[in-house]
Amino acid sequence: MGATLGELAVRFGLELRGDPGLEVDAVATLAGAQPGTLSFLANPKYRRQLRDTRATVVVLAPAAAADCPVAALVADNPYAAYARIAAVLHPPAVAPAGIHPSAVVAGDAVVADSASIGPFVVIEAGCRIGERAVIGAGSMVGAGSQVGDDTRLAARVTLYPGVRIGRRGLIHSGAVIGADGFGFAPERGGYVKVPQVGGVSIGDDVEIGACTTVDRGAIEDTILEDGVKLDNQVQIGHNCRIGAHTVVAGCAGISGSTVVGKRCMIGGAVGVVGHLDIGDDVAVTGYTMVSRSLKGPGVYSSGMPAMEAADWRRVAARVRRIDALAGRVARLEGREPGADDPGSEQE
Amino acid sequence: MGATLGELAVRFGLELRGDPGLEVDAVATLAGAQPGTLSFLANPKYRRQLRDTRATVVVLAPAAAADCPVAALVADNPYAAYARIAAVLHPPAVAPAGIHPSAVVAGDAVVADSASIGPFVVIEAGCRIGERAVIGAGSMVGAGSQVGDDTRLAARVTLYPGVRIGRRGLIHSGAVIGADGFGFAPERGGYVKVPQVGGVSIGDDVEIGACTTVDRGAIEDTILEDGVKLDNQVQIGHNCRIGAHTVVAGCAGISGSTVVGKRCMIGGAVGVVGHLDIGDDVAVTGYTMVSRSLKGPGVYSSGMPAMEAADWRRVAARVRRIDALAGRVARLEGREPGADDPGSEQE
Amino acid sequence: MGATLGELAVRFGLELRGDPGLEVDAVATLAGAQPGTLSFLANPKYRRQLRDTRATVVVLAPAAAADCPVAALVADNPYAAYARIAAVLHPPAVAPAGIHPSAVVAGDAVVADSASIGPFVVIEAGCRIGERAVIGAGSMVGAGSQVGDDTRLAARVTLYPGVRIGRRGLIHSGAVIGADGFGFAPERGGYVKVPQVGGVSIGDDVEIGACTTVDRGAIEDTILEDGVKLDNQVQIGHNCRIGAHTVVAGCAGISGSTVVGKRCMIGGAVGVVGHLDIGDDVAVTGYTMVSRSLKGPGVYSSGMPAMEAADWRRVAARVRRIDALAGRVARLEGREPGADDPGSEQE
Chain A
1 MGATLGELAV RFGLELRGDP GLEVDAVATL AGAQPGTLSF LANPKYRRQL
51 RDTRATVVVL APAAAADCPV AALVADNPYA AYARIAAVLH PPAVAPAGIH
101 PSAVVAGDAV VADSASIGPF VVIEAGCRIG ERAVIGAGSM VGAGSQVGDD
151 TRLAARVTLY PGVRIGRRGL IHSGAVIGAD GFGFAPERGG YVKVPQVGGV
201 SIGDDVEIGA CTTVDRGAIE DTILEDGVKL DNQVQIGHNC RIGAHTVVAG
251 CAGISGSTVV GKRCMIGGAV GVVGHLDIGD DVAVTGYTMV SRSLKGPGVY
301 SSGMPAMEAA DWRRVAARVR RIDALAGRVA RLEGREPGAD DPGSEQE
Chain B
348 MGATLGELAV RFGLELRGDP GLEVDAVATL AGAQPGTLSF LANPKYRRQL
398 RDTRATVVVL APAAAADCPV AALVADNPYA AYARIAAVLH PPAVAPAGIH
448 PSAVVAGDAV VADSASIGPF VVIEAGCRIG ERAVIGAGSM VGAGSQVGDD
498 TRLAARVTLY PGVRIGRRGL IHSGAVIGAD GFGFAPERGG YVKVPQVGGV
548 SIGDDVEIGA CTTVDRGAIE DTILEDGVKL DNQVQIGHNC RIGAHTVVAG
598 CAGISGSTVV GKRCMIGGAV GVVGHLDIGD DVAVTGYTMV SRSLKGPGVY
648 SSGMPAMEAA DWRRVAARVR RIDALAGRVA RLEGREPGAD DPGSEQE
Chain C
695 MGATLGELAV RFGLELRGDP GLEVDAVATL AGAQPGTLSF LANPKYRRQL
745 RDTRATVVVL APAAAADCPV AALVADNPYA AYARIAAVLH PPAVAPAGIH
795 PSAVVAGDAV VADSASIGPF VVIEAGCRIG ERAVIGAGSM VGAGSQVGDD
845 TRLAARVTLY PGVRIGRRGL IHSGAVIGAD GFGFAPERGG YVKVPQVGGV
895 SIGDDVEIGA CTTVDRGAIE DTILEDGVKL DNQVQIGHNC RIGAHTVVAG
945 CAGISGSTVV GKRCMIGGAV GVVGHLDIGD DVAVTGYTMV SRSLKGPGVY
995 SSGMPAMEAA DWRRVAARVR RIDALAGRVA RLEGREPGAD DPGSEQE
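Protein chains in written order, with the working numbering: chain A, 1 to 347; chain B, 348 to 694; chain C, 695 to 1041.
These are calculated hints, taken from the structure and not from any lab test. Incorrect hints may appear among the rest.
[Claimed, not checked] Below, in silico cross-link-like pairs of lysine-lysine (DSS-like), each with a Cα-Cα straight-line distance of 25 Å or less: (1) B:LYS642 x C:LYS739; (2) A:LYS45 x C:LYS989; (3) C:LYS887 x A:LYS262; (4) A:LYS193 x B:LYS392; (5) A:LYS295 x B:LYS392; (6) B:LYS642 x B:LYS609; (7) B:LYS540 x C:LYS956; (8) C:LYS887 x A:LYS45; (9) C:LYS956 x C:LYS989; (10) A:LYS193 x B:LYS609; (11) B:LYS540 x C:LYS739; (12) A:LYS262 x A:LYS295.
[What the hints assert, rightly or not] If you anchor each label on the Cβ, the simulated ranges turn out as follows: (13) B:VAL441 x A:GLY13: 56 to 62 Å; (14) A:ARG314 x B:ASN390: 55 to 61 Å; (15) C:ARG1007 x B:HIS437: 38 to 44 Å; (16) C:GLU825 x A:PRO186: 53 to 59 Å; (17) B:VAL357 x A:ALA97: 52 to 58 Å; (18) C:GLY883 x A:ASP67: 26 to 32 Å; (19) B:ASP670 x C:GLU881: 42 to 48 Å.
We treat Cβ as the ideally placed atom computed from N, Cα and C, and that holds for glycine.
Same shape as in the complex, but just chain A:
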């Protein structure tokens, strides 16, 4: 869908440097742009690509505007401005309102007339599907679940019974919301399954990635607050509460009953053990193990960067024997190695 630069400037309140009558109909990278496209510069790393871009217009910050060889849309937050313009140039495909004839919809389910229910969808008893909601092909909506206005489920999403999703959400394919939490009571060398009778409560503007799993609560609900963004293959255990506008990157796992604060950034492949309390505005860098509660704001890490394998083998062997090394230092200091030497305390 095309737009003139003048229209974009007015619509998004941006300063335009250039011809307002020029048209663009697609976005492009600075390096890959062709005439007729709009690009952006947000990450300074790509600044040197600005000079040679063939884009018709670039969205960028005031400080970069002077270097722009083509038209510029100047924004204080160029990435956010780009995001909004891209949604105009590339609107999501419109799903046709109505229920596909192959779908199986319970008689007492309430489906808005403006909602789109795809082929091979199952909607069980007592569900409510909101205005303009989209339930993608092959998705399953369990009994008593609710999907809010303008929320979209891609193809092949599973909502177990008792899952409530707010408005303007987006759930990607393969995601499973509301499966049983992992609860078993040990008994005589085996286990008794603990029924998981809570549900899942998801706020507005939540995005959940492909093959991400959010377990139902054991007794009360697992909660994702407004604006939470979960990447692909994230695992959220039962009874967790994830605070508003927290983002969790791919392959991270948060174990049961942990509370994560608002506006946190959990990096890729991070593991958080259960029953912890992570404060607001905490960032955890990728590949970190969180085994204690963390106060916010703050940035936390424990990922060890890769080395050449031969060097790492030597390092790892030394690390395994660091106690002996510390003992040798204590002896050099004229002290007995032991519990009272500095650094021996365990946490």
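With chain A fixed as given, assemble chains B and C onto it according to the hints.
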């Protein structure tokens, strides 16, 4: 479904302190309980919530019973007793017996009359579906597979051909059982696919989490013994054997041909390399890499707890140079740094 | 499907030591073999099983042939030869050509007559499905996607719109190709979604494991070159390019915009941060965090092997205080601990 305290005490052989005529019809947490609910105390951490609970009755251990302000059901293993009672108060939804008209069932498949086959299910040739088994909507059961009595597949489960599941199992949505193992023979800079011709053999009382994958064997079967519990997003490689009553927490991965013993506890995000032998009664704490066979019983770890990022960067840089630090200690000791100083051995 | 040893020797150009008229009809492990089966010896670890094997014939290297108690098919690369023979003895099930009556196929989709479209498949507008391609039950093929000749999608695969897959590919169940990349522009404590308008471009001979996710590009395509093999539960972020014949083991994650070279081997559970450049012929061992670009060829690691938990707790506590230990060494050396002592540099 409601029950009187007297009925519960008799049915589960528990001592009741309180009025046997009181009724409960739901479970609740100690803190969230309303009259008419049953709660429990198993984790001492929640003991201070006991005093103020509004539950009608609490399941707890003998030592805690004196402090209970309401009726008490006294159990040696209160968590297991709670689990059994919760299953009475919150029975799983009953799936209607019979085959949904949309399902595609091969003519020679044997499906018990008491089994429930949901919408859009595919059951291929030669399958056997046991008594009271449930095949959830959109699930696929590959040729020659078997689902035992009382085993339930949630919606959107995939069984490849040649997967045999015992009785009373529960497989969650998105799980994929029997996909090809990752087997490729290197040849001239590329790979030749190694056909994966084994199956998967799963015992009784096995639970498999959402989006968990269990690969078929390369030649013989991949095996999950009785009582194995796999959490969400677990990966089990081809030819593995997981021993009875072993539990594997979320996001853990066990590489091909590894044998894990009985009653093991594999923590979240643990990675186990292939062709290892893990003994019975081994516990591996979360976020640990297992790269050697481990004897049981025992507890093993290698996860590094998160620190403040600035501190961790300093630590990681030091760790990378630990060899130099050890060399300085050796020089202080009057020795040459090198292969014969203590701690330099590689394993 | 059976074959004589003579046929196999001729077809695959192998030296046969033994009776060419003997027949085999299945593969077997050396230890588990019965008469009538073919086994192989590639990993020297299994050599001692050769002596007692009951296989009819063993595929092995010239150096091992003398020890073979039964017929031998001698190959320079016995594992690759075995792989090819196994594909003859155990051919994949043939999917019937044609479109299952339950499938929903857009009127303008081009589906080859020899292709097999399973039950409950959805093929959206503008798709092209090649000769002998197989779309497994319940799979979804989004608008404008292409599936090349002889490529097979197992049951319950999702291709979002704009995914192009080459020839002879194999995509396992639960895989999701083309979901939105994780792109959000921060703004005033929340996020604006960045539309993900690129697609996914996949070469020939690519295999993608169960529940693996490959995100679509933000602007241009995410690319998997020819011969790439991804194991189960792998996550490939938006804009990545994975070089030809690179293999990625289970549970690994590669963050957005990272370029991985050709013939790399990425181990299980490896995490690679975004915007990196990994050279050709790089191997990364399992459970390693890659946070910087890596030159190839080379082998890189950072996974810490498991220890007994009590020992590891002591080690981890020491590691957290390694800065203090280094300071003590500096003092013993008569220097002030600080930025200028060896080993204190941060990277």
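Original post:
For which of the previously enumerated hints does the structure constitute a violation, in increasing order of number?
Top reply: Number 14 only.
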